[in-house]
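Colleague: Listed here are the chains, written in short residue letters.
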Amino acid sequence: MGTQSMSATQAGLAHKCFYYMALMREIEDRVERKLYRQGKIVGGVYVGRGQEAISVGAALLAEPEDVLFPSHRDMAAFLIRGVPPGRILAQYMGREGGLTRGRDGNMHMGDLKLHIVAFISALAATVPVAAGAALALQYKGSGNVAMCWFGEGSTSLGHWHEGMNFASVKKLPVAWICNNNQYAYSTPVSAQMACANVADRGASYNIPAEIVDGNDVLAVHEATRRALAQVRSGAGPYLLECKTFRMTGHSAHDAAHYVPQELRDEWERLDPIERLETRMLAEGWAARDEIDAVRAQIQREVDEAVAWAEASPFPGAASLLDGVYEDG
Amino acid sequence: MPTTYLEAIREGLWEEMERDPDVFLLGEDIGVYGGAFKVTAGFHERFGERRVVDTPISEAAIVGAAIGASFLGLRPVAEMQFADFISCAFDQIVNFAAKCRYRWGAAVPIVVRAPSGGGVHGGPFHSQNPEMWFVRTPGLKVVAPATAYDAKGLIKAAIRDNDPVIFFEHKALYRRVKEDLPPGDWTVPIGKARVARAGSDLSIVTYGAMLWTALEAAETLAGEGVSAEVVDLRTLLPLDRETVCDSVKKTSKALLLHEDTRTGGMAGELAATISESVFEHLDAPIVRVTAPDTPVPYSPPLEEAFLPNAAKVIEKARWLCRY
Chain Z
1 MGTQSMSATQ
11 AGLAHKCFYY
21 MALMREIEDR
31 VERKLYRQGK
41 IVGGVYVGRG
51 QEAISVGAAL
61 LAEPEDVLFP
71 SHRDMAAFLI
81 RGVPPGRILA
91 QYMGREGGLT
101 RGRDGNMHMG
111 DLKLHIVAFI
121 SALAATVPVA
131 AGAALALQYK
141 GSGNVAMCWF
151 GEGSTSLGHW
161 HEGMNFASVK
171 KLPVAWICNN
181 NQYAYSTPVS
191 AQMACANVAD
201 RGASYNIPAE
211 IVDGNDVLAV
221 HEATRRALAQ
231 VRSGAGPYLL
241 ECKTFRMTGH
251 SAHDAAHYVP
261 QELRDEWERL
271 DPIERLETRM
281 LAEGWAARDE
291 IDAVRAQIQR
301 EVDEAVAWAE
311 ASPFPGAASL
321 LDGVYEDG
Chain D
1 MPTTYLEAIR
11 EGLWEEMERD
21 PDVFLLGEDI
31 GVYGGAFKVT
41 AGFHERFGER
51 RVVDTPISEA
61 AIVGAAIGAS
71 FLGLRPVAEM
81 QFADFISCAF
91 DQIVNFAAKC
101 RYRWGAAVPI
111 VVRAPSGGGV
121 HGGPFHSQNP
131 EMWFVRTPGL
141 KVVAPATAYD
151 AKGLIKAAIR
161 DNDPVIFFEH
171 KALYRRVKED
181 LPPGDWTVPI
191 GKARVARAGS
201 DLSIVTYGAM
211 LWTALEAAET
221 LAGEGVSAEV
231 VDLRTLLPLD
241 RETVCDSVKK
251 TSKALLLHED
261 TRTGGMAGEL
271 AATISESVFE
281 HLDAPIVRVT
291 APDTPVPYSP
301 PLEEAFLPNA
311 AKVIEKARWL
321 CRY
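Residue numbers (the numbering used here), protein chains in the order written: chain Z, 1 to 328; chain D, 1 to 323.
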């Protein structure tokens with residue numbers, strides 16, 4: 001590929017990344033800073049502000065039949081798979097239009113038709129389940145893989161280690177993607193684990209691991225490409241640790257006073273969306289007015305999505321007992 | 001030639017694996033070794049390591065992997081080496097598997113086999129009856145066969161079911177009970193109890209290995225002129241309340257029997273059901289015969305005292321009849 005066409009490819013990728021990161025940010029801002037305060041979000045709000053590069057950079061490489069296991073801070077994985085923003089907002093509002101039709105809230109959602117699995121609150125429990133999906137892909141001789149996201153806090157739980165070990169022993173096609181955002185609720189990573197990096201844990205399972213700048217979407221994308229190349233080759237799992245920072249509290253009710261101001265300031269300057277925007281302008285991949293136009297378009301999309309979600313009815317109480325079992 | 005309870009489970013698994021290439025097994029030591037109780041002996045040779053998956057000692061990974069595989073259309077049968085170890089996989093079963101359908105419409109067609117029960121001098125960690133942890137979890141189905149016929153029919157039904165099924169197989173029955181099984185492809189419906197012995201003076205409602213204790217007691221009572229009806233629940237969730245209530249309506253007296261410990265045991269739920277639904281038919285208080293609220297002890301005199309037996313049932317039945 002010539003230098004010019006490679007640059008065009010990079011520019012195209014950057015545009016896609018920018019769109020999904022900015023869309024995720026706008027939906028989450030609307031949820032956390034507006035709808036939640038208006039009392040329209042009936043439960044908790046857990047956003048991925050500052051971590052958008054990870055779900056975007058990785059999920060853009062997923063094939064349609066790859067099975068995704070996003071965490072609560074990986075909304076873009078849903079957007080990239082084609083889940084309309086209105087349905088995500090309706091999910092947050094407890095409406096019929098949400099993916100779980102009011103049965104569960106926030107990012108606790110999935111859709112098997114889109115090959116996205118809903119995680120449970122004890123996030124590490126998803127890891128053995130993702131290994132099982134990978135086992136099924138291997139069983140069927142499919143070339144597809146599972147991609148599973150989690151935070152560094154998940155790696156303290158036994159289920160995480162059981163899933164890692166099982167996947168590696170069976171050489172299962174699964175990419176593990178860690179959002180190391182440095183805080184598990186209020187607990188800093190230094191009080192969470194005695195090793196310096198989640199990637200260090202890979203060695204004990206003989207899983208190749210690498211650390212990537214989780215606030216650089218193009219770097220995450222490149223690292224994911226390496227991870228998936230290994231995983232698709234049949235060589236077994238790969239662990240990607242994305243170093244990032246949670247720019248909010250654990251949830252909307254948490255002001256996160258336990259996070260030092262200097263740390264916040266430092267990472268504020270590393271905002272992944274602003275970084276990409278600056279790079280796009282500097283590389284000549286986009287002009288100022290193009291960026292502005294994308295932002296304006298996202299505003300309109302999210303306005304419409306909010307209206308759609310608010311128009312979606314609450315589930316009727318008569319449906320309470322439905323769907324516990326296949327036969328009612 | 002009669003088929004043992006263990007052989008019945010084995011036949012059920014084998015037939016389902018022959019019938020459906022999406023059915024596969026996973027668990028500890030189930031492949032080359034054939035399983036701690038040899039339920040899967042010979043499966044590795046026939047179906048290979050792809051469909052008979054030996055795993056690390058890792059119950060959460062076993063059940064979690066079964067759940068994940070079921071999302072892609074497979075029909076996993078996970079073996080817990082002993083039911084006592086199922087607690088290691090508790091979160092996967094009660095929070096993941098049980099809630100997927102209700103939360104986001106995802107079916108989890110898995111079976112978790114759990115060899116349970118005492119009477120084998122297994123001590124506190126190889127003898128438990130942990131069924132009630134799961135019976136109070138909406139979204140699961142829980143079965144506990146007592147006969148070879150039901151063991152085969154229910155394992156096949158469990159594999160074909162589109163919801164997660166916990167299959168409690170009683171270790172003390174593995175080689176002790178046997179019967180001639182009909183040929184052909186048949187199943188036993190999940191959610192249906194069975195009147196194992198008809199009677200008119202009192203109803204003994206039970207499940208699992210205690211069915212045999214109930215039948216032994218009923219035989220002795222018959223010699224005393226007392227006609228005991230024995231109801232075998234077979235499935236604990238969903239519970240066949242109708243069959244239980246119909247029996248009590250007929251006999252007006254209820255003796256509830258299980259090997260599980262007393263507090264929070266199935267007998268409590270049955271007693272509440274009977275009180276709510278057929279109270280006016282009762283001629284006597286509802287009586288429970290259960291294990292006491294202790295861990296399962298190891299030493300024979302202690303374990304014997306722990307487990308319900310026919311003598312304990314007969315004593316309570318006589319009291320009921322005198323009431």
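It is worth saying that the hints were derived from the structure and are not from the lab.
In this text the structure is predicted, and so the values were computed from the model without any measurement.
Even glycine gets a Cβ: it sits at the ideal position worked out from N, Cα and C.
Keep in mind that a hint or two might mislead.
To give a feel for the contact side, a few chain Z residues facing chain D, derived at Cβ under 10 angstroms [stated by the list, open to error]:
#1 P128
#2 K171
#3 V189
Lysine to aspartate or glutamate pairs mimicking DMTMM-like chemistry, simulated, CA-CA at most 20 angstroms apart [claimed, not checked]:
#4 K316/D <-> D293/D
#5 K178/D <-> D201/D
#6 K192/D <-> E326/Z
#7 K249/D <-> D293/D
#8 K40/Z <-> E301/Z
#9 K34/Z <-> D254/Z
#10 K250/D <-> D240/D
#11 K16/Z <-> E326/Z
#12 K250/D <-> D293/D
#13 K40/Z <-> D111/Z
#14 K249/D <-> E276/D
#15 K16/Z <-> D213/Z
#16 K171/Z <-> D293/D
#17 K140/Z <-> D54/D
#18 K192/D <-> D29/Z
#19 K192/D <-> E269/D
#20 K140/Z <-> E315/D
#21 K250/D <-> D180/D
#22 K140/Z <-> D22/D
#23 K140/Z <-> D254/Z
#24 K40/Z <-> D254/Z
#25 K171/Z <-> D29/D
#26 K171/Z <-> D54/D
#27 K249/D <-> D201/D
#28 K171/Z <-> D201/D
#29 K140/Z <-> E18/D
#30 K140/Z <-> E49/D
Colleague: Look at each hint and say if it fits the structure.
Modeller: Hint by hint, here is what the structure shows:
no.: 1; hint: P128; verdict: holds (3 angstroms)
no.: 2; hint: K171; verdict: violated (13 angstroms)
no.: 3; hint: V189; verdict: violated (23 angstroms)
no.: 4; hint: K316/D <-> D293/D; verdict: holds (19 angstroms)
no.: 5; hint: K178/D <-> D201/D; verdict: violated (29 angstroms)
no.: 6; hint: K192/D <-> E326/Z; verdict: holds (17 angstroms)
no.: 7; hint: K249/D <-> D293/D; verdict: violated (30 angstroms)
no.: 8; hint: K40/Z <-> E301/Z; verdict: holds (19 angstroms)
no.: 9; hint: K34/Z <-> D254/Z; verdict: holds (16 angstroms)
no.: 10; hint: K250/D <-> D240/D; verdict: holds (16 angstroms)
no.: 11; hint: K16/Z <-> E326/Z; verdict: violated (40 angstroms)
no.: 12; hint: K250/D <-> D293/D; verdict: violated (31 angstroms)
no.: 13; hint: K40/Z <-> D111/Z; verdict: violated (24 angstroms)
no.: 14; hint: K249/D <-> E276/D; verdict: holds (13 angstroms)
no.: 15; hint: K16/Z <-> D213/Z; verdict: holds (19 angstroms)
no.: 16; hint: K171/Z <-> D293/D; verdict: violated (45 angstroms)
no.: 17; hint: K140/Z <-> D54/D; verdict: holds (18 angstroms)
no.: 18; hint: K192/D <-> D29/Z; verdict: violated (52 angstroms)
no.: 19; hint: K192/D <-> E269/D; verdict: holds (17 angstroms)
no.: 20; hint: K140/Z <-> E315/D; verdict: violated (58 angstroms)
no.: 21; hint: K250/D <-> D180/D; verdict: violated (31 angstroms)
no.: 22; hint: K140/Z <-> D22/D; verdict: holds (9 angstroms)
no.: 23; hint: K140/Z <-> D254/Z; verdict: violated (45 angstroms)
no.: 24; hint: K40/Z <-> D254/Z; verdict: holds (18 angstroms)
no.: 25; hint: K171/Z <-> D29/D; verdict: holds (19 angstroms)
no.: 26; hint: K171/Z <-> D54/D; verdict: holds (14 angstroms)
no.: 27; hint: K249/D <-> D201/D; verdict: holds (11 angstroms)
no.: 28; hint: K171/Z <-> D201/D; verdict: violated (61 angstroms)
no.: 29; hint: K140/Z <-> E18/D; verdict: holds (17 angstroms)
no.: 30; hint: K140/Z <-> E49/D; verdict: holds (14 angstroms)
Hints 2, 3, 5, 7, 11, 12, 13, 16, 18, 20, 21, 23 and 28 from the list above are not met by this structure, while the remaining hints are.
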